[in-house]
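S.K.: Chain by chain, the residues run as shown.
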Amino acid sequence: MQQIDLARAVFLFLPLFLLGLLALPGRAVLRTVAALALAAVVAWLLPQVFERGALTYLASFSTMAGIYAILSLGLNSQWGLAGHVNFGVAGFYAVGAFTSALFTTTMPEGALAAYSQQAFGLQWPFLGGVIMGGIIAAIVGFLISIPVLRLRTDFLAIATLGIAEVIRFIFQNERWLANGPQPMRGIPRPFDCLFKDPACSWLPQGAVDFLAPLSPRDYVFFYLIVVSLILAVVFIALERISRSPWGRMLRAVRDEEASAAMNGKNVTWRRIESFVVGSFIMGVGGAVYAHYVVSIDYSHFNPLFATFIVWVMLMLGGSGSNKGAILGAFVVWGVWSGAAFMIDAASPALQLISPDLPSRGAYLRWMLVAIMLGLIVLYRPQGVIKERKKVSDFMSDKGDASGEGDDATAEQPARQ
Amino acid sequence: MALLEVRNVTAGYGDTEILRDVSMKVGEGEMVTIIGPNGAGKSTVMKTIFGLLHPREGSVHFSGEDISSLQPYQIVERGMCYVPQVSNIFTDLTVSENLEMGAFLAKKADIAARKERIYEYFPRLKERRHQRAGKMSGGERQMVAMGSALMLNPKLVLMDEPSAGLSPKMVGVIFEQIEKINKAGPAILIVEQNAQLSLQLSDRGYVLASGENRFEGTGQGLLKDPEVGRLYLGG
Amino acid sequence: MSMHDAAADAARHARSDDRTSGERIMAALRSRTALAIALALTLVAFWLLGYGQGASLSNLLSLTIWGVMLGGIIALGAIGLTLVYGVLKFPNFAHGELVSFGAYGTFTIMALLPASAALRPFSFGWELLVGMVLAMPLVALAALIVDRILFRPLRLRDASLVLFAMASLAASFFLRSVIYLAWGADFMFYYPGRANPALELPLNIRIQADQLFVFLLAAVLVGVTWILLARTRMGKAMRATANNPDLAQVRGINTERVIAATWALGASLAVAGGVMYGLASQLRPEMGWFLLLPMFAAVIMGGIGSPLGAIVGAIIIGIAQQVSSSFINPAYGPGVAFVLMIIVLILQPQGLFGQSGD
Numbered sequence: 001m002q003q004i005d006l007a008r009a010v011f012l013f014l015p016l017f018l019l020g021l022l023a024l025p026g027r028a029v030l031r032t033v034a035a036l037a038l039a040a041v042v043a044w045l046l047p048q049v050f051e052r053g054a055l056t057y058l059a060s061f062s063t064m065a066g067i068y069a070i071l072s073l074g075l076n077s078q079w080g081l082a083g084h085v086n087f088g089v090a091g092f093y094a095v096g097a098f099t100s101a102l103f104t105t106t107m108p109e110g111a112l113a114a115y116s117q118q119a120f121g122l123q124w125p126f127l128g129g130v131i132m133g134g135i136i137a138a139i140v141g142f143l144i145s146i147p148v149l150r151l152r153t154d155f156l157a158i159a160t161l162g163i164a165e166v167i168r169f170i171f172q173n174e175r176w177l178a179n180g181p182q183p184m185r186g187i188p189r190p191f192d193c194l195f196k197d198p199a200c201s202w203l204p205q206g207a208v209d210f211l212a213p214l215s216p217r218d219y220v221f222f223y224l225i226v227v228s229l230i231l232a233v234v235f236i237a238l239e240r241i242s243r244s245p246w247g248r249m250l251r252a253v254r255d256e257e258a259s260a261a262m263n264g265k266n267v268t269w270r271r272i273e274s275f276v277v278g279s280f281i282m283g284v285g286g287a288v289y290a291h292y293v294v295s296i297d298y299s300h301f302n303p304l305f306a307t308f309i310v311w312v313m314l315m316l317g318g319s320g321s322n323k324g325a326i327l328g329a330f331v332v333w334g335v336w337s338g339a340a341f342m343i344d345a346a347s348p349a350l351q352l353i354s355p356d357l358p359s360r361g362a363y364l365r366w367m368l369v370a371i372m373l374g375l376i377v378l379y380r381p382q383g384v385i386k387e388r389k390k391v392s393d394f395m396s397d398k399g400d401a402s403g404e405g406d407d408a409t410a411e412q413p414a415r416q
Numbered sequence: 001m002a003l004l005e006v007r008n009v010t011a012g013y014g015d016t017e018i019l020r021d022v023s024m025k026v027g028e029g030e031m032v033t034i035i036g037p038n039g040a041g042k043s044t045v046m047k048t049i050f051g052l053l054h055p056r057e058g059s060v061h062f063s064g065e066d067i068s069s070l071q072p073y074q075i076v077e078r079g080m081c082y083v084p085q086v087s088n089i090f091t092d093l094t095v096s097e098n099l100e101m102g103a104f105l106a107k108k109a110d111i112a113a114r115k116e117r118i119y120e121y122f123p124r125l126k127e128r129r130h131q132r133a134g135k136m137s138g139g140e141r142q143m144v145a146m147g148s149a150l151m152l153n154p155k156l157v158l159m160d161e162p163s164a165g166l167s168p169k170m171v172g173v174i175f176e177q178i179e180k181i182n183k184a185g186p187a188i189l190i191v192e193q194n195a196q197l198s199l200q201l202s203d204r205g206y207v208l209a210s211g212e213n214r215f216e217g218t219g220q221g222l223l224k225d226p227e228v229g230r231l232y233l234g235g
Numbered sequence: 001m002s003m004h005d006a007a008a009d010a011a012r013h014a015r016s017d018d019r020t021s022g023e024r025i026m027a028a029l030r031s032r033t034a035l036a037i038a039l040a041l042t043l044v045a046f047w048l049l050g051y052g053q054g055a056s057l058s059n060l061l062s063l064t065i066w067g068v069m070l071g072g073i074i075a076l077g078a079i080g081l082t083l084v085y086g087v088l089k090f091p092n093f094a095h096g097e098l099v100s101f102g103a104y105g106t107f108t109i110m111a112l113l114p115a116s117a118a119l120r121p122f123s124f125g126w127e128l129l130v131g132m133v134l135a136m137p138l139v140a141l142a143a144l145i146v147d148r149i150l151f152r153p154l155r156l157r158d159a160s161l162v163l164f165a166m167a168s169l170a171a172s173f174f175l176r177s178v179i180y181l182a183w184g185a186d187f188m189f190y191y192p193g194r195a196n197p198a199l200e201l202p203l204n205i206r207i208q209a210d211q212l213f214v215f216l217l218a219a220v221l222v223g224v225t226w227i228l229l230a231r232t233r234m235g236k237a238m239r240a241t242a243n244n245p246d247l248a249q250v251r252g253i254n255t256e257r258v259i260a261a262t263w264a265l266g267a268s269l270a271v272a273g274g275v276m277y278g279l280a281s282q283l284r285p286e287m288g289w290f291l292l293l294p295m296f297a298a299v300i301m302g303g304i305g306s307p308l309g310a311i312v313g314a315i316i317i318g319i320a321q322q323v324s325s326s327f328i329n330p331a332y333g334p335g336v337a338f339v340l341m342i343i344v345l346i347l348q349p350q351g352l353f354g355q356s357g358d
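Residue numbers (our numbering), protein chains in the order written: chain U, 1 to 416; chain R, 1 to 235; chain Z, 1 to 358.
For the record, the hints were derived by calculation from the structure and aren't laboratory data. All values reported here derive from a predicted model rather than from experimental measurement. Treat the hints with care, as some may be off.
[Unchecked claim] Beyond 12 Å from chain R on every Cβ pair, some chain Z residues (computed):
1. Val133
2. Pro137
3. Arg152
4. Glu200
5. Gln208
6. Val258
[Said to hold, decoys possible] Cβ-Cβ distance ranges computed for the label pairs, FRET-style:
7. Ile346(Z) - Leu375(U): 57 to 63 Å
8. Gln382(U) - Gly54(Z): 55 to 61 Å
9. Asp356(U) - Val133(Z): 23 to 29 Å
10. Ile149(Z) - Gly14(R): 27 to 33 Å
11. Leu49(Z) - Pro216(U): 46 to 52 Å
12. Ala349(U) - Ile149(Z): 45 to 51 Å
13. Gln351(U) - Leu48(Z): 55 to 61 Å
14. Gln351(U) - Ser56(Z): 53 to 59 Å
15. Ser31(Z) - Gln382(U): 38 to 44 Å
Yeah, the Cβ is synthetic: ideal placement off N, Cα and C, and Gly gets one too.
Next up, chain U with everything else stripped away, as it sits in the complex:
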């Protein structure tokens, strides 16, 4: 095995380990050992099975799917846990992305300032930007929830759709804020010096030598670790929350609002809190996205691939289930990405139907995702994984293996 492949394998180890922990059944200790062993084997095998370009593609695919999984988890904490219909995921996603970008970039100066404007640039570190992205998105979520959450769910759906559109208009039109219709560029990638020459000054010589064969194009292998860790933190936090008294209360409010209210729970506040938590997570997702793609503009946050597709992911995975939310993100992103190849391959056939069709082939993907959601709504509205009855940490979930069997498929899209 060449050094470059070995280095890539090392980077793949941690995400694979986390995936193993998520997907494998069994008790904690055993699962950890199994996941460690399996991750090591798979990480070693992957660079040998796939050629380098394909492996890079796989890593970037998983990174994007991981970012969508964060959004899907955020939506699950609103819809699955509390029954909020948020049709404006894109808005919170955009706020997180632009906020983190503003906090971490450098204010353009001199000639640059003439064609690139932004409200401020604070050069904060990556993590600071991500947290600020979450906080500002949470504040937006809080502000919208006050007038709307006390109303019927359909009003919330319409209002959140509206807020997402308005947020997109703002980022599209306000040049001073985040460069308006032009992309906001130069969003820093954390530790990207690892892949540069000369490498980071603080890095020991051994590590520098080890990473030497990797080029900046391989940065995605490192970012996959970042995304996996953040995803893991969000997942664990949500699992804790949904088993806590607070989570139980929210589910009670979702299912029987009247009786929960009569039991003396402050229903409105609980609902606002869960909406704010979800908004925070979506903001974090946006921030993670911004630092991955480096350059963002308003068009990245349109209703199709920032709201609609996230709903399809969550509905497919099964609302109420955090594992399902992650599984759904990988499957749907796999279908979405795979469809691009298929449409390319089918382009001669499309040419026969109409000469215009191949150039419009991208919209076949829209159609595909729309049909997917339609089918889910009609035939599997409860999703692939059903919500488990989580009572509390003190009661075991054993005996309900329905979730475990389906989880095994979570690896499939990542490996294809």
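Given the coordinates of chain U, assemble chains R and Z onto it according to the supplied hints.
M.R.: For chains R and Z alone, kept in the frame of chain U given last:
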């Protein structure tokens, strides 16, 4: 042969069974009252007869035909009408439009004549025919609801607590009308809280408790029955 | 509700019951009045802001008239949206796509018709109007097919409102993908490059003849719809079903037929809205989606299920959008609609003409 026959009906919502083995009959032109404590399943009987809920066991027969699996609009076609207890008028429509909606299945040409007949029962409605029904008082709303149900000249009218929420004076007026309607032809099956008054006017009555038949008899007979009186008439 | 609550002690408290219902009506009036005042104040504030930014009076007057015209377009979409919302009880996120389909469908039908000279002073010829009329049944059919495949099974299953909303979102993206695939993403015009000069009117008001036509057609169609709803039996059944679907069933109304009629009417009006919108600006696949937010704002402002409310709401929103362009970026038009909608939701979620529950 009875006009309406409920044969050993068991019915309920979801997992809960509300009616168990309930049987009752209404003859042509009869007025029959169902009384019973809250939660006895009185409204559920009405809904099951009218096809809003389908029996799990047993059957409902109307004019000799099994109507257990029909939809409400098909039952209306066969000559039965229902006056629900709450939200029984179209609040956004005028009084006259409400009456027309009661005769959705009738020929267009007949509607004016049918309306006139209802205005004879309830002259008050004629005065207010162009008013939005939602703006009327409780008693007037009840008249609109009953009037709409009578538009098709039904053979049987089901009434769910027509006196609920009305002033004592209005209760008297409404029951006078019910008596008048009954005399003019249609049989009436009525669920009533105001058991004394309703039983007095009724040919027969049923006492329902915990979803089962308890007593049945003539209206006067039930009023005089000491046990019914003690348990269900608060006397 | 009021009757039910009062049932227990009605006899003794008959009088106080009357008073509370009277008070309730007063309270409803008060908050409805409050909403009307708040909306009026917002419009006045917009005019003053525009004036403060240096817009001339005749300019503001022109903007207001354009706003009424835009309101007419929004109203054509909003009436269908509010009827479907009222009768089927869910927010139909695919309604904007019916508008787009109307615009594009007319475009394609026009290409098949012989081109005629422009009907001066308007910029369009007969084929636009004929195309529009022919597109109406086609789009109505498309709406009925979507209902049959998607919404009817949900209805039979008594699915939750959220699933309906989700299904309509799926329908929205599906229909939009069809538009992209069939007509492409480029902007199109009914009459590219045809001149459409403004009329010379007193007070220096600048309006194009086409804009005037858009407004007149909207007014005529709104009038026809009004007659349909107020005079025909199916129209009354539609209003009745929107008002109280359970009772409609009890009264012997065949609700499936009413639902089909509602889709047909809503889709036909949406076609007219789409053609007028396309004539006033241009055709693009997202045109319906951009109208969706103003349409929902109009529906909520007017009260869900109330066609009259939708018309009034649409005109208020149209004026607000146009007048606001004198002091903020016109791109924020849908944002202005959104802000007005939030004001309604805070003050009086039932809207100006909505039912106060019963």
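S.K.: Please go over all the hints and tell whether each is borne out by the structure.
M.R.: Each hint, compared with the structure:
| no. | hint | verdict |
| --- | --- | --- |
| 1 | Val133 | 27 Å, holds |
| 2 | Pro137 | 25 Å, holds |
| 3 | Arg152 | 15 Å, holds |
| 4 | Glu200 | 45 Å, holds |
| 5 | Gln208 | 38 Å, holds |
| 6 | Val258 | 10 Å, violated |
| 7 | Ile346(Z) - Leu375(U): 57 to 63 Å | 38 Å, violated |
| 8 | Gln382(U) - Gly54(Z): 55 to 61 Å | 58 Å, holds |
| 9 | Asp356(U) - Val133(Z): 23 to 29 Å | 28 Å, holds |
| 10 | Ile149(Z) - Gly14(R): 27 to 33 Å | 28 Å, holds |
| 11 | Leu49(Z) - Pro216(U): 46 to 52 Å | 50 Å, holds |
| 12 | Ala349(U) - Ile149(Z): 45 to 51 Å | 25 Å, violated |
| 13 | Gln351(U) - Leu48(Z): 55 to 61 Å | 58 Å, holds |
| 14 | Gln351(U) - Ser56(Z): 53 to 59 Å | 55 Å, holds |
| 15 | Ser31(Z) - Gln382(U): 38 to 44 Å | 40 Å, holds |
The structure is inconsistent with the numbered hints 6, 7, 12, although it conforms to all the rest.
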